[in-house]
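Q: Generate coordinates for the entire structure from the input sequences, incorporating the hints supplied.
These protein sequence lines are chains L and H, in that order. Counting with numbering that gives the first Met the number 0, you get residues 0 to 670 for the letters of the first sequence. Counting with numbering that gives the first Met the number 0, you get residues 0 to 303 for the letters of the second sequence.
Treat the hints as calculated values from the structure; they're not laboratory data. From the three backbone atoms N, C-alpha and C, an ideal C-beta is built for every residue, glycine too. Among these hints, one or two may not hold up.
Stated by the list, open to error - Take a look, some chain H residues computed to stay more than 12 angstroms from chain L by CB distance: (1) L4; (2) I8; (3) A26; (4) F61; (5) A126; (6) S165; (7) C174; (8) T245; (9) L254; (10) A269.
Unchecked claim - Think about it this way: if two alpha-carbon atoms lie no more than 20 angstroms apart in a straight line, the pair counts; the simulated SDA-like pairs of lysine to any residue are: (11) K49(H) <-> F558(L); (12) K45(H) <-> S588(L); (13) K49(H) <-> S578(L); (14) K277(H) <-> P166(H); (15) K277(H) <-> L586(L); (16) K25(H) <-> I264(H); (17) K277(H) <-> P554(L); (18) K277(H) <-> S588(L); (19) K49(H) <-> D275(L).
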Amino acid sequence: MFLNELVLSMSLPEIPGGFAVWCDTALFVWLAVVLVGVLARRANGVVFPVLTALGSLFLLITATVGGNGDCTIPLPYYLGNAPLTFVFDPLSRWFLAIIAIIGCTTAFFAPGYLEHLRQRVALGFVWAGIALLFISMVGVVLAGNAIAFLVAWELMALSSFALVASDHTQQTVRRAALIYLGATRIGTAFLMAGFLWAHQLTGSWTFADWGLSGAVALGPALLILVGLATKAGSWPFHLWLPIAHPAAPAPVSAIMSGVMIKTAIYAMVRLYVVGDHLTAPALGPIILIFGAISALWGVLFALLQNDLKRLLAYSSIENIGIILMGIGIALIGKQQHLPYLAQIGLAAALFHSLNHALFKSLLFYGAGAIDMRTHLRDIEQLGGLIHRMPWTTASFVAGCAAICALPPMNGFASEWLLYQGFFALALHGPLAGVRLAALLLMGWLALIGGLAIACFVKVVGVAFLGAPRSKAAEHATEIPKTMLIAQGALVVCCIGLGIAVPTLLLPLDQLVRVSGEPQLLASAWSIPMPALVALAVGTLSVLTLALAHLARRQPARRFITWECGFGTLGPRTQYTATSFAQPISRLFSLVYRYVVDITVKGRNRHHFPSGVSADATHEPYLETRVYTPLARAILRVAGSLLLRLQAGSIHQYLLYMAAVLALLLWLGVRQ
Amino acid sequence: MSCWLLQLINICIIPLLLMGVIRKTKALLQTRYGAPVLQPFYDLAKLLRKSETISGTASWVFIWSPRVGLMIAVLTAVCVPWAGLVLPEGWRGASNFLFVLYLLALGKFLTMLAAMDTGSAFGGLGASREATISLLVEPALVIGLGAFALQTGQMDLTAMYAAPASPIVAALVGCALIIAALAELSRMPVDDPTTHLELTMVHEAMILENSGRNLALIEYAGALRACLYFGLAAQTLLHVWPGFATLAFGWHYALSLGALFLLGIAVAVAEGILVKLKWRAVPNYLAFATALSLLAALVAAAQG
Numbered sequence: 000m001f002l003n004e005l006v007l008s009m010s011l012p013e014i015p016g017g018f019a020v021w022c023d024t025a026l027f028v029w030l031a032v033v034l035v036g037v038l039a040r041r042a043n044g045v046v047f048p049v050l051t052a053l054g055s056l057f058l059l060i061t062a063t064v065g066g067n068g069d070c071t072i073p074l075p076y077y078l079g080n081a082p083l084t085f086v087f088d089p090l091s092r093w094f095l096a097i098i099a100i101i102g103c104t105t106a107f108f109a110p111g112y113l114e115h116l117r118q119r120v121a122l123g124f125v126w127a128g129i130a131l132l133f134i135s136m137v138g139v140v141l142a143g144n145a146i147a148f149l150v151a152w153e154l155m156a157l158s159s160f161a162l163v164a165s166d167h168t169q170q171t172v173r174r175a176a177l178i179y180l181g182a183t184r185i186g187t188a189f190l191m192a193g194f195l196w197a198h199q200l201t202g203s204w205t206f207a208d209w210g211l212s213g214a215v216a217l218g219p220a221l222l223i224l225v226g227l228a229t230k231a232g233s234w235p236f237h238l239w240l241p242i243a244h245p246a247a248p249a250p251v252s253a254i255m256s257g258v259m260i261k262t263a264i265y266a267m268v269r270l271y272v273v274g275d276h277l278t279a280p281a282l283g284p285i286i287l288i289f290g291a292i293s294a295l296w297g298v299l300f301a302l303l304q305n306d307l308k309r310l311l312a313y314s315s316i317e318n319i320g321i322i323l324m325g326i327g328i329a330l331i332g333k334q335q336h337l338p339y340l341a342q343i344g345l346a347a348a349l350f351h352s353l354n355h356a357l358f359k360s361l362l363f364y365g366a367g368a369i370d371m372r373t374h375l376r377d378i379e380q381l382g383g384l385i386h387r388m389p390w391t392t393a394s395f396v397a398g399c400a401a402i403c404a405l406p407p408m409n410g411f412a413s414e415w416l417l418y419q420g421f422f423a424l425a426l427h428g429p430l431a432g433v434r435l436a437a438l439l440l441m442g443w444l445a446l447i448g449g450l451a452i453a454c455f456v457k458v459v460g461v462a463f464l465g466a467p468r469s470k471a472a473e474h475a476t477e478i479p480k481t482m483l484i485a486q487g488a489l490v491v492c493c494i495g496l497g498i499a500v501p502t503l504l505l506p507l508d509q510l511v512r513v514s515g516e517p518q519l520l521a522s523a524w525s526i527p528m529p530a531l532v533a534l535a536v537g538t539l540s541v542l543t544l545a546l547a548h549l550a551r552r553q554p555a556r557r558f559i560t561w562e563c564g565f566g567t568l569g570p571r572t573q574y575t576a577t578s579f580a581q582p583i584s585r586l587f588s589l590v591y592r593y594v595v596d597i598t599v600k601g602r603n604r605h606h607f608p609s610g611v612s613a614d615a616t617h618e619p620y621l622e623t624r625v626y627t628p629l630a631r632a633i634l635r636v637a638g639s640l641l642l643r644l645q646a647g648s649i650h651q652y653l654l655y656m657a658a659v660l661a662l663l664l665w666l667g668v669r670q
Numbered sequence: 000m001s002c003w004l005l006q007l008i009n010i011c012i013i014p015l016l017l018m019g020v021i022r023k024t025k026a027l028l029q030t031r032y033g034a035p036v037l038q039p040f041y042d043l044a045k046l047l048r049k050s051e052t053i054s055g056t057a058s059w060v061f062i063w064s065p066r067v068g069l070m071i072a073v074l075t076a077v078c079v080p081w082a083g084l085v086l087p088e089g090w091r092g093a094s095n096f097l098f099v100l101y102l103l104a105l106g107k108f109l110t111m112l113a114a115m116d117t118g119s120a121f122g123g124l125g126a127s128r129e130a131t132i133s134l135l136v137e138p139a140l141v142i143g144l145g146a147f148a149l150q151t152g153q154m155d156l157t158a159m160y161a162a163p164a165s166p167i168v169a170a171l172v173g174c175a176l177i178i179a180a181l182a183e184l185s186r187m188p189v190d191d192p193t194t195h196l197e198l199t200m201v202h203e204a205m206i207l208e209n210s211g212r213n214l215a216l217i218e219y220a221g222a223l224r225a226c227l228y229f230g231l232a233a234q235t236l237l238h239v240w241p242g243f244a245t246l247a248f249g250w251h252y253a254l255s256l257g258a259l260f261l262l263g264i265a266v267a268v269a270e271g272i273l274v275k276l277k278w279r280a281v282p283n284y285l286a287f288a289t290a291l292s293l294l295a296a297l298v299a300a301a302q303g
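A: See below:
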């Protein structure tokens, strides 16, 4: 689907100025969804998915053939003295395409999924929230100045908060929504401070006017970076992701994890890399280091989770880390005047953003399908789903292969580009230390890859394979066809993008290349993937034919799994997810603070125990040792000092007003 | 064309022959007479003739994993110059070492899934250990090969092994590759393929449920992978002699195969002397591979 559009975009002439028309149509269609959803709160009619898909389609047209340009909404509709300006360029269109693709699949997946929440959730509201979230994400991606950006950003935060809270009859969901809201507030506060600082330095709200570089830019750039990193879920600001994602309905988790956190990536690329709006030399290494820690931290904690959606949320932290490493490489390349490095780092980051949107949505859809059919998220209680939900399992396995960066899936292509970036840095780095660090980063990425494989083998092996571990898993059935279409389309995208990399590198090349630089990206991809896939399919067919021939003479026999002669195996004798992760937990026990407590009971304990129990615990270090004391300290200050400010006494409040008035008057006089 | 043909002949004959040589050497070392060198061929033929038994719990993952595994082994064996053979121009990109490593990881991914597919506790145990070993091995391989690649500036194994290299880097990376290869191939001292106790196994625990044709595919893929890893290690070690890269084709090929078999014999001797490590000591053993790779990276980065 997407590939065809891409080919079209290269052959068809772009419609000049068409972007505004197409994009406006998309936004109005989605606005209609919002209105209908708010008016008919409990409805779940076919009108919602149809309109959502229609809006996404128009947006896809904008992204592919819409052309470049910008549009400003005329005078009376200003925000203060800043106009609402929207910029359409290759970068924003790349992210519009991501939004549009996930919008299309949401329209197919969500109706069936939301149906099982009908008793508890006002579905019209959910659709309205989803449409509003899409509108606001388009706004963020297109915003040409800080004010328009902030308005869209806040709309995005609020609509996603409402979506996280959609199942608010449960206490855990309410808590998750509040924590998420708190995280967005803190992020926006940093973002606003950064924007104000930049405005102070340049006197303009328009991004295009910001040309700050050097030490001056570092302050606002870092404040904005903290704000954006909070939204993106990079370490150490990732706290809300593993709490908010499990609470939200699966299609919403898919949008938030697949697309919404990428808007922060978009803003980083826009401000630091492509536009040269804020360039500070320290920024590249900082982003690279935070990305590297984030990637390892995310996958390490993903490995320990047994709640499927929580695990996927941690894996998002990992992937955001990988994207950040790409951005860091790009910045270092720009700083060192190494165009190849800059181009390939940025290409890796943008390509991985698209890929992560595709496969993470696919995986969240899989988790949603399981949740819908079994009402379970704990993989320790699942199992055997491959016989009961074969198509969901197949697409989930494909998604896992993609997220583990296994060829020929798309995840491999973008991680390979990042490896190329590291290798180029190792080759052309100015200092021996830098070259060594680049080589070590390659090993770091390989370690992350190995951990990701362990993590997703655990998920598939425990949740989908083997025998069912609970009644609910035993009675699971396949999900409706429309939902399978959404999953299938994403699988096709994942494989297609992995094989047709050079086709995709063409539009990326226009995006990452500063005019005048040679075309380096097109020749970066050297793996003859289509030929290799053809060879693989050929070899596999020969093998299959030969095996079929042998099977005719000696057919296979079905029998029980070997049980060492002890009698039938129960589902409880299977390896558990916790046991699977145990050797790796022990390796990284310092990070996890992993403790196994084994108690043996009975009189003659050593030889004839009456009971043995083992209890493994790990501690999310950052949460318990940093954030909890911090939150407690803030509460203490608020409880002791700030409470007195708001004591409920009208006299006190009148005093404040008088004091503020006096202050303002004094300030005015001073001017 | 002749190159393709030679590579195909290599793929058909050398892997099982290498296995036979290793077994024969081990037998001689234990003062046994041992099975004939061609025994792996007979074993393969026997397994292919037998019928297979599949667990009732197993699904298509279990049935397809060995085929795809063998397909991947063949694909990598075609692309990688493990016997010193160089592929035609258009195919050289396929020997990119990251592509090869990730392709092999795809094979491991499927093997681990197939192990968990039957619902046997041994399968899960083996898969868990395999995942742990491979996540420790992969950084060592990537850093080591990356350091070696730094000298030619190209990540294609074909290009890397066609140019002369620094002897120190070649020696360090070669040793790291041997250590890593023993772990990746589930050989002593990390894993004992001939033990009778399933609880101590890694690879054999994963393929406990496979039989007949299915097992034959796995055995052959394993032999191919052994050739691949030992071949890469041998090629790297041969680069300690700077003149190796510029040798005439015949000598180059003969020396490569000779080194491969010599390495096989050396591994057999080592397996005869060494004891299997405790599972908890395996990370320490693999740390040697990582350390050697890091040293190679240090040297390569300093030269750069």
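Q: State for each hint whether it applies.
A: Results for each hint:
1. The beta carbon of L4(H) is kept farther than 12 angstroms from every beta carbon of chain L, the shortest such distance being approximately 16 angstroms.
2. Listed as outside the interface, I8(H) is consistent with that label: its C-beta sits roughly 16 angstroms from the nearest C-beta of chain L, beyond the 12 angstroms cut-off.
3. Separation of A26(H) from chain L is adequate, the least Cβ-Cβ distance of about 29 angstroms exceeding the 12 angstroms criterion.
4. A cut-off of 12 angstroms between C-beta atoms contradicts the statement that F61(H) is not in contact with chain L; the least separation is 9 angstroms.
5. With a closest Cβ-Cβ approach of about 6 angstroms to chain L, A126(H) is found to fall inside the 12 angstroms limit, against its non-interface label.
6. At roughly 14 angstroms, the least C-beta separation between S165(H) and chain L is larger than 12 angstroms, which holds for a residue marked as non-interface.
7. For C174(H), the non-interface assignment is confirmed: its Cβ lies about 17 angstroms from the closest Cβ of chain L, beyond the 12 angstroms cut-off.
8. No Cβ of chain L approaches the Cβ of T245(H) within 12 angstroms, the least distance being about 23 angstroms, so the stated non-interface status holds.
9. For L254(H), the shortest C-beta to C-beta distance to chain L comes to about 28 angstroms, beyond the 12 angstroms cut-off, and the non-interface label holds.
10. With a least CB separation of 25 angstroms from chain L, A269(H) remains clear of the 12 angstroms interface cut-off, as annotated.
11. The hinted pair formed by K49(H) and F558(L) meets the criterion: a straight-line CA distance of about 16 angstroms does not exceed 20 angstroms.
12. For the hint pairing K45(H) with S588(L), the CA-to-CA distance comes to about 46 angstroms; that exceeds 20 angstroms, so the pair is violated.
13. Of the supplied pair hints, the one linking K49(H) and S578(L) is violated, its CA atoms being roughly 35 angstroms apart against a limit of 20 angstroms.
14. In summary, the hint linking K277(H) to P166(H) is not supported, as the alpha carbons are separated by about 34 angstroms, beyond the 20 angstroms threshold.
15. Restraint check: the Cα-Cα separation between K277(H) and L586(L) comes to about 15 angstroms, which is no more than 20 angstroms; the hinted pair holds.
16. Our distance criterion of 20 angstroms between C-alpha atoms is met by K25(H) and I264(H), whose separation comes to about 8 angstroms.
17. Taking the CA atoms of K277(H) and P554(L), the gap is about 40 angstroms. The hint is violated against a cut of 20 angstroms.
18. Simply put, K277(H) and S588(L) have alpha-carbon atoms about 19 angstroms apart, close enough for the 20 angstroms limit, and the pair holds.
19. Distance restraint check for K49(H) and D275(L): the Cα-Cα separation of roughly 67 angstroms exceeds the 20 angstroms cut-off, and the hinted pair is therefore not satisfied.
Against the hints set out earlier in the document, violations occur for numbers 4, 5, 12, 13, 14, 17, 19.
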